[in-house]
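Student: Sequence:
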Amino acid sequence: MPQEDGATHPDPPLAGQRTADFYAVLGVNPAASTADIKAAYRALVKRHHPDAGGDEHTILALNAAWEVLGDRERRRRYDAEQFHTRGLSPADRPSPSSPSARSRSRRHGDGLLQDWLQQVYAPIDRWLGQVINPFAAQLRALAADPYDDALMEAFSGFLQDSQARMDKAEQLYRSKACPVVAKGLSLNLYHCLRQVQDALMELERYTLGYVDGYLRDGREMLREAKRQRDHLHHERRHLEN
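For the sequence shown, position 145 matches number 145 in my numbering, and the numbering has no gaps at all.
What the hints contain is simulated information worked out from the structure, not anything from laboratory work. Keep in mind that a hint or two might mislead.
Listed next, the in silico DSS-like pairs over lysine-lysine satisfying Cα-Cα at most 25 Å (straight line) [to be verified]:
(1) 168 to 226
(2) 168 to 183
(3) 226 to 183
(4) 168 to 38
Cβ-Cβ distance ranges computed for the label pairs, FRET-style [as the list claims (entries may be wrong)]:
(5) 174 to 238: 37 to 43 Å
(6) 24 to 49: 17 to 23 Å
(7) 171 to 63: 25 to 31 Å
(8) 141 to 223: 14 to 20 Å
(9) 137 to 171: 36 to 42 Å
(10) 209 to 50: 31 to 37 Å
(11) 234 to 118: 16 to 22 Å
(12) 130 to 213: 25 to 31 Å
(13) 136 to 55: 48 to 54 Å
(14) 21 to 220: 29 to 35 Å
(15) 171 to 77: 20 to 26 Å
Ideal placement from N, C-alpha and C gives every residue a C-beta, glycine not left out.
Using the sequences and the accompanying hints, generate a full structural model.
Tutor: Okay, here's the thing in structure tokens:
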């Protein structure tokens, strides 16, 4: 995790170098949380600020990266763009030149789809369900007395276990590119995963200060994630038919 003070970060690319990799600009992993990204941004701004002898162009690059990655919706759009431009290898793009080649390509594509569905989609969907489905019961248990230490400890443990599942899901998602035919399903799966991650962050903030707004936002995000997951199930069935 990046630290706000005393951290070591690579020098970010200059604004004029036409890079779109904002994660590299801030020296963070694409799976980094918003809190990690914010800490990295602050540390680099302090290091490269013109008042501290830094470079004005570097500050512009840092600000551009933070404006995108620090905003939930803009980060989602940016990640989606990166997925489309970088997530598919040339080998995934069909270019058959004959009926037999097209037939082989279809069989190959069907095999790639089934592999991706079994190896990536299915476990991620299972982990999403293990967070989304029990949440209502977990929240009802806490609502009996949010200030009871034992109840809060149990709820916090649920959040920690849920975050561990989402971390595994993020790593698995990025480990294997999806076939072209599943790019829409894959992108929607990623949005659902991000929605749950953001919800867990809001709920964690609630446990630290009992601010009802964080609880409300986290609950609504998980409700939306449930709707997204239901749509994913329908989308998968349609894809396989």
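Student: Each hint: holds or not?
Tutor: Right, here's what the structure says about each hint:
1. 168 to 226: OK: residue 168 and residue 226 at ~19 Å, within 25 Å.
2. 168 to 183: 20 Å, holds
3. 226 to 183: Holds, because 20 Å separates the two Cα atoms, which is no more than 25 Å.
4. 168 to 38: At roughly 22 Å apart (the allowed maximum being 25 Å), residue 38 and residue 168 satisfy the hint.
5. 174 to 238: 37 to 43 Å: 25 Å, violated
6. 24 to 49: 17 to 23 Å: 20 Å, holds
7. 171 to 63: 25 to 31 Å: 29 Å, holds
8. 141 to 223: 14 to 20 Å: Hint holds: Cβ distance 18 Å, inside 14 to 20 Å.
9. 137 to 171: 36 to 42 Å: 28 Å, violated
10. 209 to 50: 31 to 37 Å: Hint holds: Cβ distance 35 Å, inside 31 to 37 Å.
11. 234 to 118: 16 to 22 Å: Holds, since residue 234 and residue 118 (Cβ atoms, about 19 Å apart) stay within the stated range.
12. 130 to 213: 25 to 31 Å: 26 Å, holds
13. 136 to 55: 48 to 54 Å: Holds, at about 51 Å.
14. 21 to 220: 29 to 35 Å: With a Cβ separation near 32 Å, residue 21 and residue 220 satisfy 29 to 35 Å, so the hint holds.
15. 171 to 77: 20 to 26 Å: 22 Å, holds
The structure is inconsistent with the numbered hints 5, 9, although it conforms to all the rest.
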